[in-house]
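Enquirer: This is what each chain is made of:
2 protein chains.
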Amino acid sequence: MSEQVLQYLSNNRDRLLEKLNGFLSIPSVSTDSVHNKDIKAAAEFLQTYLQDIGFENVEQLETKKHPLVYAEYNQAGPEAPTVLFYGHYDVQPVDPIDLWDSDPFKPEVRDGRLYARGSSDDKGQVFMHLAVFEAFMKTEGKLPINVKVCIEGEEEIGSENLYDMLHEKKELFDADFAVISDSGMVAKNQPTILYGLKGFTGIEITVNGPDHDMHSGMYGGAVRNPIMALSHILASMKNTDEVVTVEGFYDGVEPLSDEERKLIKEVPGEDYKETAGIPETASEKGYTAKEHTMARPTFEVNGIYGGYQGEGTKTIIPSSATAKITCRLVPGQDPDKIQSLLEEHVNKVAPSGVTVEVKKEKLSAKAYKVEPNNPLIQKAADSYTKAFGKETVYVRMGGSIPVVEWIEAIYQMPIVLLGFGTPDDRLHSPNESFPLDSYDKGMETLVYYYNSIKE
Amino acid sequence: MSEQVLQYLSNNRDRLLEKLNGFLSIPSVSTDSVHNKDIKAAAEFLQTYLQDIGFENVEQLETKKHPLVYAEYNQAGPEAPTVLFYGHYDVQPVDPIDLWDSDPFKPEVRDGRLYARGSSDDKGQVFMHLAVFEAFMKTEGKLPINVKVCIEGEEEIGSENLYDMLHEKKELFDADFAVISDSGMVAKNQPTILYGLKGFTGIEITVNGPDHDMHSGMYGGAVRNPIMALSHILASMKNTDEVVTVEGFYDGVEPLSDEERKLIKEVPGEDYKETAGIPETASEKGYTAKEHTMARPTFEVNGIYGGYQGEGTKTIIPSSATAKITCRLVPGQDPDKIQSLLEEHVNKVAPSGVTVEVKKEKLSAKAYKVEPNNPLIQKAADSYTKAFGKETVYVRMGGSIPVVEWIEAIYQMPIVLLGFGTPDDRLHSPNESFPLDSYDKGMETLVYYYNSIKE
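Here the protein sequences come in this chain order: B and R. For the record, in the first sequence the residue sitting at position 385 is 385 according to UniProt numbering, with numbers rising by one throughout. For the record, in the second sequence the residue sitting at position 362 is 362 according to UniProt numbering, with numbers rising by one throughout.
Please keep in mind that the hints were generated in silico from the structure rather than gathered at the bench.
Same chains, same label: a pair holds when it works inside one copy or across any pair of copies.
Subject to a maximum C-alpha distance of 25 angstroms in a straight line, what follows is the list of computed SDA-like cross-link-like pairs (lysine to any residue):
1) K314 - I97
2) K348 - V243
3) K369 - E259
4) K359 - Q309
5) K265 - G252
6) K379 - V267
7) K360 - Y305
8) K285 - S236
9) K285 - H215
10) K348 - T240
11) K348 - D241
12) K362 - Q412
13) K285 - V356
14) K314 - I203
15) K314 - N161
16) K169 - A76
Keep in mind it's a predicted model, so treat the numbers as computed, not measured.
Please construct the entire structure, taking both the sequences and the accompanying hints into account.
Expert: Following this line, the structure appears as C-alpha cells:
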C-alpha cells in the first residue's frame, strides 16, 4: 500500500521541494506587525494547498491576532479514527540578520541541509504532513484516516488565541488522537519518540528598599541592601546540590523508576560540557545530568538586575533589585500550586527593612507524559524504525510545549510527538536549517504511520 | 581683632555674593570634556582672585587632565604656622536637568538658600575661605597664618592627578596642618567636627557559566546557573544580621569604646527610616544604626546584573552574572588586605561548574581618624561654637574622602574637616543648594579659627 505513495513522493521530490521553498520564502514572523501581510500570505498558502489536496471545510479562523488555518477530511469512513494534526506556520524573528550566511527567506541547500527560517521550526515539518496527504490522495484517491488540521500563526508568541479557541470550539478540534511534528530527534537519523514534556511556571521577585538610591557612606549600616536581600532569598530557594529547598516543591513528584532510569541511560545524549562550554555539569544530588534534565523538575533564575551596572564604581545602596525565575515541572506538580509555594517561601524568608513583591507569570503549563507502550506510540516507533533503519528511543524532554498540555487537559486524547528536527538545526537562531535526510525519511515515516493506524 | 574683619564681610556681603554667583555660573563639570573651557574659566577665576587678594606664586599647575590652582602666602612670619587649604572647583553633572527648579548655572536665592550646582560641593565652601582671606588682607593688611592653597579640578572624577602630584611635589604642599571644607554638619546650624572618615575598597565578581545563554528546558539540570551561583557567593559574604562573614574582615578593628558610643549617641542623628523611606533600619548585630554607619565597617553590593532583564519571560540559563561590591573601612583595616580577603573568600565558596573572576577596584583608601582632643581640632570646635552659638558635636562619618587619607599618609599632618553643608543640600542631585546662614556663620567661624591658630 505504501509503495505507490512513496514512489509518488520520490517522483515529485523536486516539485514538492520547490513548493516548500515557496512557503519558506514568506517571512511569516508573528511577533512584528510589519509582517502581518506575510502572515496572511502564509495562511493563504496553506489554505490553497489544503483545498488542492482535497480537504473540506478549509478556512482561516480569525482570531484577535493571526488566523488559524483549519481543515477536515472525513472520507476515510466511519470506522477509521480521526487524527488532529497540529502545527504552526509562524516563525521567529531573524535578528541578528548579519549572522546568517544566506538570506533567511531565500531557502538554499548546502551540504544536504535546507537553510531558511522555519525550515525546521515548524513550516518544514508542517509541509511534510501536507505533502504526504497529497501523495495519498494522488495515488490512492483517499487518506487512510480521517484528519482535522489545525495550523496556527501564533506559536512563537504564546498561542494565546489558540488557547481560547481550544476551549471555546471543543467539537471542532475533537479527535481520537493528535499528532504534532514540532520537535526533534536526539541525534540525526535517530528515531525519537517524546513521551514526556515538562510543565512550566514562573515568578518575578522584586525587593524594594529605600525609595531612592542611597549614598553607601551615609547610609551603609542603616539601610538594608535590596541586592543582598535578594541574594539571600534566591540562595534559600535552591542549594548548591541543585536541590530546590522550597517546602513542598517535590510533593507529588513520582520517583524515577529503575526502568525509566534505564530508558534515559540508553538515550544517546549530547555532551553537555562540550555544548555549553563548562568545566563540569551540575545536577540534583542523586541524579545524573540526563536524568535531571529529562525527568526531574528544575528551578532557574533567568535574569537579575539592580543598582549600578555601568563601568567602574558607584557607591550606592540601590533602591531595588529584581530576579526572574522559571521552573520546569514534571507530572504530579501543579503549576499554580508551585507558583504559590514559591511566593509563600519568598515572603517567609524576606529579611526586615525591605518589602518584597512577587509577580506571577501568566503562562503556565502542566507536565505531559504518555505511556510509552500506548499502541499509538508503538506504531509511531515502528514506522520510525522502518523508515530510518534504526531502533526508536523514548525520551522525556526538559522543554515545554504548552499546546500539548492544553490538548490533553481539554480532550484527554493521546498525543503523539513525532519530531524530525536534529540538535544542529539552530532553531530561533541565525542559520536555521533542516537536513534533507530528515525530510525524506520523515515523510516515509509518516506514510507508514498513517497507514498503520487503520490496521 | 576679628571685629574689623567681620565688619568688612558684612559691609561687602552683596558684592561678595555677586562674585560667588559669578563663580557658580561657570559650568565646571569635570567628567565631560565638552566643559573643558569652563574648567579652564573656573581655574582662571580662582587664579585672578588669589592674585587680587595678595597671594604669591599663584599658578595653574597643569596635569594630564584639569589644572590644579596653587598659591602661597608667606608673610605671616616665620613663627606663624602654615595651613594647607584644600578644596575643589569642579562640579558634578546636572542630569536629570528637568528636575531642577531653576537653571543650575544661574544661581538663585529662594527661602534663604542659594540654589546652584556647586553651591555646597564645593565651590561655595572654597569661596568662603577666599572671601575670609580677602577680608583679613583688606582690614589688617595680612593673614594671621601662612597659607598654601590647593584647589583641584578633578575631585568629582577621582583626584587621580592630585594623587600623583601629592607624591611627586612633596615640598610644595607640605604644611603644619590642613583644613578642608568639603563636608557638612549633621544638622543645619549644628557645629560639627568630622574626626573620622571611613576607608574604601571594592571588587567586582563575575561568575561565568556556559559560553552562551542556554535553553532552560534543554539544559536545566545539567548546567550550573551563574546567577544562582553568584547569589550563593554573595549570601555567604554577609548574613542577615548584617555581619560580614568573610574570614578576617574584622581583624584589627578596634572595639567601640563606651566613650565613643556616648559621643555617637549625642550626635543629633537623622531619621534614617524617614530619609530612606524604609519600614525599619537594618544594622550589624550589637550596634545601633548610627554606630554602624559612623564607626563600623560596611559591605554593600552596589549593582548586579545577568541574563534577561526585559519585559516578561525568557527561559534561559544565562552565560554570566556580575556583582559590584564596595566596602567602607574603619581604622585597623587595610584596604589591600581586605580586597585580598574578599577575593580569597569568593574563590573558596564558588561552586563547581562555573568559573569566577574577581576584579579589584583601583581606587582605595584607608580610614582616617584624628583625636578629637587635638588642640587644632579644639580650636576649630570653639570657633564653630562661637559663630553658631551652639556646642560642637564630634562625628565619625561613613563616607570616604580619599584626599584626606593621602595627605595623612604622605605628610602625617593633622587634618581639620570644617564642613558647613547641611543634610538638605542635595549634593550630586538636582536642586543643589547651600543655606546663606551657613555661608555667613561659616565665614565667621573661619575668621575666629584662622585668628585662633596663632594664639
